[in-house]
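Based on the provided sequences and hints, a complete structural model is requested.
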Amino acid sequence: MTRDHLPPDPARTATGAGPPAGTGPASIAPEHLIPEGEYAAPEDVQDFLINIGPHHPGTHGVMRMVTRLDGEKVAGLDVRIGYMHRSLEKIVENRSYHQVIAFTDRTTDYLAAMHNDWVYCLAAEKLMGIEVPERAEHLRVITGEINRITSHLMSVGALGLDSGATSYFLWCFNARERLVQLLEEISGARLTYVYLRLGGVIYDAPPGWTDRVREGVRGVIDELPSYRTLFHDNYIWHERSKGISTLSHDEAMRIGAQGPVLRSTGIRWDLRRDMPYSIYDRFDFDIPVGTTGDVYDRTEVRFQEIVESAKIIHQAIEDMPAGPILAKRVPRLPTPDPGEAYARLESPRGEIGCYLVSDGGMKPYRMKWRGASFHNVAMLPALSVGYTLSDLINIVGTIDPVMGDVDR
Amino acid sequence: MSAVPVPGIGSKPAVGAREEARHAFVAAARDRLGAALVGYHDSRDGAVCLITPASGYRAAAEFIRSQGIDRFDFLTCVDWPAHFTLTLQAYSFETKLVTRLSIRIPRDDFAVPTITDLWFLADWEEREVFDLFGLNFAGHPDLKRILNPETWVGHPLRKDYADHVDIKRPEYF
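Residue numbers (the numbering used here), protein chains in the order written: chain A, 1 to 408; chain B, 1001 to 1173.
No lab work stands behind these hints: they were computed from the structure.
Every residue, glycine too, gets a C-beta built ideally from N, C-alpha and C.
Careful: at least some of the hints might be erroneous.
Said to hold, decoys possible - To spell it out: a stretch of chain A is covered by chain B in this simulated footprint if at least three of its residues, at any positions, have a beta carbon under 8 Å from a beta carbon of chain B; those stretches are:
#1 248 to 255
#2 337 to 350
#3 365 to 377
And the structure:
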């Protein structure tokens, strides 16, 4: 990276009309001034490197993008990660199976902590053969879907912020706050819930909580049309998003796209319906899909999934039986038989998975975390090459990376 | 790893499309891989696990990809006292059949062929295994550390890894 491509700055050249010497911060001793001719860009230089991050608001965390630009177009992208690596998988090898839950929601995707705890519990329950009571399954679904709504509101709101719609971001945060308070009421925490346990959940719903959830979720859904008027139907947003970073079916399958990015290309694939876990096969909901897979469609899929999550929440509250919330006979220090188990789950960002290997001891012998954001960021160069630098920020926003999930 | 010897295919009745797909897959695996297939078993989470020697890894991965198993799940390694186990998991979009391939790699011979040309997402996963376990993937286009800095010493997820910084790890149990 050289400064050769910058235009001549009149304040810094000897012949420019800068402020008089000694009157302002731009005053430079004459021997330090650079002759004007040295600013001329070489004729044969076509592209240059721009470094974005690791500390940059557009990267949604500590991600570094070394971008090769041809004019304003992205000609190449090298993504560097690892700035927030906290060695989750090594820590887990020194903790008991119950203690791991405190790490899975902090160290991975902290915007969807409920889902990360859930996938770990699914894997561990498969490994140990634990049956989860009905009421606990319903509470897991309700809290999980509330968390999906908060995560999607954060995602589309931050995308609005990236493209200049600050008030839209604040509106989304306002709605998110009301739902986060519901999660705080049942779990005691606002972001890292640690609400799930092996074999169930830790707290039952407080009195009147389900009514407040109904009310709160309905309130958010009723507001969505005004959000649409403010941002999604806005001409400026259409200009910035339609036709940007289009993705075909075949290309999406080739690069292993998942979650909202996959559905935005028109493929109706959702693990909640296609490979159901927990009790999702009982609920009636649609899977929103897009057509072209561009930035607009990805945002739209997320926005419409909020409504579908609300449908699931209402059905789950309707069906929720009374009964225990935690399985009986879960040992305090489980020692599962030697073997392996894998569980997968549809998180707000795509498919997450947890692969647990036991050697019969008290601690997991090995845990592999399959993060959705890790694979989303891996396909970022395939999505963004050929579009402009300002589009790149929006494309990063639409794959919605959470760096905790990338670096683990 | 409780691998059972390859049983006869017709021993279990086919139930449902997923079961049919499983039988067809196992039959094709026996047919195509032959002696390279050391064994297979059904994991307790429903995946079909193939076990091959390290020399048959690339052929088995190519076979799995040729069966329409297009969705890549993960590639990871487990450090057992006597050997490494490299495990690859993928599933099929069409039949929803989950397949897992495991190979054993002796501790003194790390070279494994790359599979980045079969699955796009295997690229970063192989870099991660290289970073954390030190396995070399021959033919990988850009094999370098991904989570740790390039100046890092050692491979942290090996069981015999010793911190070169002064962290004393307490014995909890």
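Here's how the hints hold up against the structure:
{"no.": "1", "hint": "248 to 255", "result": "holds (count 3)"}
{"no.": "2", "hint": "337 to 350", "result": "holds (count 7)"}
{"no.": "3", "hint": "365 to 377", "result": "holds (count 6)"}
In this structure, none of the earlier numbered hints is contradicted; all agree with it.
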